[in-house]
Amino acid sequence: MKTVRISIIGFGAVGQGVARSILAKREDLNKQGIDLQVVGISDSKGSEINAGGINLKSALERKKNKGTVAKGKENALDIIRDVEHNIVVEATPTNIENGEPGLGNMFAAFEAGRHVVTSNKGPLALRFKELKEAAEDNGLYFRYEATVGGAVPIFNLIHEALAGNTVIGIEGILNGTTNYILTRMAEERMPYELVLKEAQELGIAEADPTYDVEGIDSACKLVIIANSVFGQDATYRDVEVTGITKITPEALELANKNNYVVKLVCEARGNGLTVAPRLVPKRHPLAVGGTLNVASILTDLAGRITISGKGAGSIETASSILSDILFIARNS
Amino acid sequence: MIVSMTLELKDIPGQLVLALAPISELHGNIMSVVHQHDEKTPRGTIPVQITFEIEHKVLNKLIDRLEKSGVGVARVGEERLRSTVSVILIGHIVHSDMGDTIDRIDSTGFAEVVDMSLSMPAIEKTSSSYLVINAVGEKELSIALDILREVAHKKDLLMIEPIRQNSEAA
Ligand SMILES: NC(=O)c1ccc[n+]([C@@H]2O[C@H](COP(=O)([O-])OP(=O)(O)OC[C@H]3O[C@@H](n4cnc5c(N)ncnc54)[C@H](OP(=O)(O)O)[C@@H]3O)[C@@H](O)[C@H]2O)c1
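Chains A and B, in that order, give the protein sequences. Be aware that the first sequence starts at 9, since it is given in the working numbering, and climbs by one per residue. Be aware that the second sequence starts at 1316, since it is given in the working numbering, and climbs by one per residue.
Where hints are given, some of them may not hold.
To be verified - Derived DSSO-like pairs (lysine-lysine); straight-line CA-CA distance at most 30 Å:
1) A:10 x A:71
2) B:1440 x A:265
3) A:33 x A:72
4) B:1454 x A:290
5) A:265 x B:1454
6) A:254 x A:205
7) B:1440 x A:205
8) A:65 x A:53
9) A:290 x B:1440
10) B:1469 x A:265
11) B:1469 x A:254
12) A:53 x A:74
As the list claims (entries may be wrong) - Derived coverage of chain B by chain A (criterion: at least 3 residues anywhere in the stretch with Cβ under 8 Å from a Cβ of chain A; other residues may be distant):
13) 1396 to 1409
14) 1439 to 1446
15) 1466 to 1479
If you are wondering where the hints come from, they were derived from the structure by calculation, not from laboratory data. Don't be surprised by glycine CBs; every beta carbon is placed ideally from N, CA and C.
Here chain B stands alone, though its shape is the one from the complex (with noise of 0.2 Å):
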């Protein structure tokens, strides 16, 4: 799951990383970290906003132990998968190299294929496949889109994207 936290660390040196370890150390995944030294809450403490992938069963512990160092986890949340594209790709597509393309958008942690389906007419023969991206944000989601469209050039695959729709009138 990606999960966004907001911390809140001491004003003194070297809580970043106290506030970092553990997630590591529980094989998240951090994506981003988002630290306003200029901002300080009321009980003078510094807000800092952490989006990452961990699994599911160890987020109690992972709060334990940041809250055992002294960081104050002020908030929790899962971020989902908000954005979403679907793409058609044409061309001599191996088994292997689309496990690989899913492997690479998957293990950015803020993109997943979550459907695929791949037709092949007979060996040998150009093979059609459907994919659908989900991502945290659009911005996630077009990163995704450029390691597809590296792999389709790469691979001389033809890519057909959808148009663009969300982009209406101010």
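Next comes chain A alone, as it looks inside the complex (with noise of 0.2 Å):
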């Protein structure tokens, strides 16, 4: 039995999916070899740290009766720095301003000699090569799967799956918010600020959308897809952002007549980086609905390949982090 050590920095939504996944499968991965010990997890307000292997149980009742993991005061850095552990598990929240506290997290991750897995988009979208760098001199594994597409496997599927291939061009829409928004209108014919309020009251946007909406948030994950497909050095102020607040619900009619959806649509080919509303034929593999994250990839090979599913959620998320934590459990 290989035992690796993970602790887990940040624990909310994302957090708590790594860990109940982790009970769930306990039983499974250990018939193949693989037994998951969580040494660490931390939240804003303090830690739990057990060398042993944490309770995963007993944690998730405390955060859900208490609001925190916490039984004491270190913090993720102490975990990080301090705690034997193999993994550090980066699910902390989205930062575009500075990356932080992600970013100060992975870096410490590296120095440490640990490898790092992430749903964190913001340190990644702002110092992306610098985290490469830092984990390859020191010869670790930086995987980030969770971060684009939540449980649609992008990376996995371009530098495992299509090995070899040289992608020509990626479009994706990336964003399930404004992917439901976009979809509610045009069925419903109601105006953008309606279907916004109705999407905030079932928590599949935020009280502030902004990030949403503008398509900042899909930007981030363009970003992400040029620097790790395209070896870019790009940060999400280089994309071209066009969001979706001007959207009618006649101009969505309009292209329905016409046997087009209107989609929010990121696009990486070449230097180019866009994110913007675009008409997509009904029938296109892109015209997916709902809450739904699709991916479409262009390689000189394969020829064109597109995978679609849920682009967020706490499980769906954790499953990305979890196939992580298992590739590197596996190549380590």
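Assemble the dimeric complex from its two separately framed chains, guided by the hints.
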């Protein structure tokens, strides 16, 4: 049995999803010869640390009942630096101003000789190249499948399954909130403001929807793709971004009459990175509805490959994180 | 209509002007001239490819005039508007603006607005319109789109273009 020790930094929807999926999969993983032990968990108030393995069930319960997982005052950096483990799972909030606290956590992890698996877009949309180099310089893995497309395995597909192909271009819908709003507006012929309100009531859109509806979240994800797949050193400020706030139900109806849907499409090709509402033919593989995400990858050998799935959600995002953890467990 | 012709000119000065003059006289709009001096036909003439827009009913008159002036007409073909694009515009769209925009695109000679629908839910409210533009080729289409982008930018309209589709793997 190979024991892999991990920490979970940030214990919100994603962090808890990771804990739940490890709990649910423990036996299966043991059969595969892998034993995952969580030795540290932190949220904004403090941490629980147990070198012998945290009882995840009681950690989840404590978080639910007390609002925090903390048993002590140690913070994230204390765990990353001082508790012996292999992989840091970084799931703190995305910050696109300066990337913190994720950025500092990731650099500290590499310095301490620990692999990083993350769902946190901020640091990657700002300082991708440095992070990648810090990992490489220390001979460590840096995996970030969950940062783009939630459960949809875009990077695994491109870097592993499509290895050997040259990627010519990528188009995708990488924000479930805007996809939901545009889908509902088209279906119900309702104006943007009303659908946004509905989405907020359903918890699909945040109270401040700016990042989603102005295309900033999409731009961050596109930048991560551009950096990871095309080796660029872009930041989200390099993306030409147009949001969806000006779209009218009449426009969607006109599109519909002519067999189109309107989607907020991210496009990476050559050096151009754009996020903008686009006309998509109804039968095109990008024309997915609801909160779904989709990525369509054009390669030289395989041609076009399109995958879609859930772009967010606690367990769905944890699926990508677990996959990255297992990749490292098997390859290190 | 848009016509492309291959003309054969004698290898003496002034022949190109001779060939182009009747097109202008008959209110044709010349879009491109491809002239290869170093390429001669077995007859010793120089072939020239000309694309222009002209009214269908004067085409025969044009061919007559060209031949009378000693310019050989080797081939006549109609250029179809081969490339097409659909676009949506959203904003405070005024009828007259739309008319001007369509005129600008149509007057290029190589592109044309072939369909337009406008939806105005109420006065002073945002309008939406759907346009289809045809052009003789991809290059011409992208010039027409540039015109539209410029208008959209100036009038603060949101322009929704289609995703790229015709770019499959090599
Ligand atoms: N939710 C999704 O579906 C999804 C999908 C893909 C990617 N992501 C990304 O994944 C990350 C986590 O998302 P989430 O939905 O789980 O967010 P969340 O529910 O807001 O959770 C964030 C967690 O980070 C903790 N935290 C904040 N500052 C911290 C600090 N300085 N040190 C340690 N912990 C800190 C918070 O603590 P408290 O609990 O004490 O507030 C909370 O537990 C974000 O970057 C997000 O963009 C989310």
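Against the structure, the hints come out as follows:
1. A:10 x A:71: This hinted pair holds, its Cα atoms lying about 29 Å apart.
2. B:1440 x A:265: 21 Å, holds
3. A:33 x A:72: 21 Å, holds
4. B:1454 x A:290: Given that 30 Å is the threshold and the Cα spacing comes to 26 Å, the pair holds.
5. A:265 x B:1454: OK: residue 265 of chain A and residue 1454 of chain B at ~28 Å, within 30 Å.
6. A:254 x A:205: 16 Å, holds
7. B:1440 x A:205: OK: residue 1440 of chain B and residue 205 of chain A at ~21 Å, within 30 Å.
8. A:65 x A:53: Given pair residue 65 of chain A, residue 53 of chain A holds - Cα atoms ~19 Å apart, limit 30 Å.
9. A:290 x B:1440: The hint holds at about 28 Å.
10. B:1469 x A:265: Roughly 28 Å between the alpha carbons, so the hint for residue 1469 of chain B and residue 265 of chain A holds.
11. B:1469 x A:254: Roughly 16 Å between the alpha carbons, so the hint for residue 1469 of chain B and residue 254 of chain A holds.
12. A:53 x A:74: 11 Å, holds
13. 1396 to 1409: holds (count 5)
14. 1439 to 1446: The restraint on the segment 1439 to 1446 of chain B holds, since 5 of its residues have a Cβ under 8 Å from chain A and three suffice.
15. 1466 to 1479: holds (count 6)
Comparing the model with each earlier hint shows no violations; every hint is respected.
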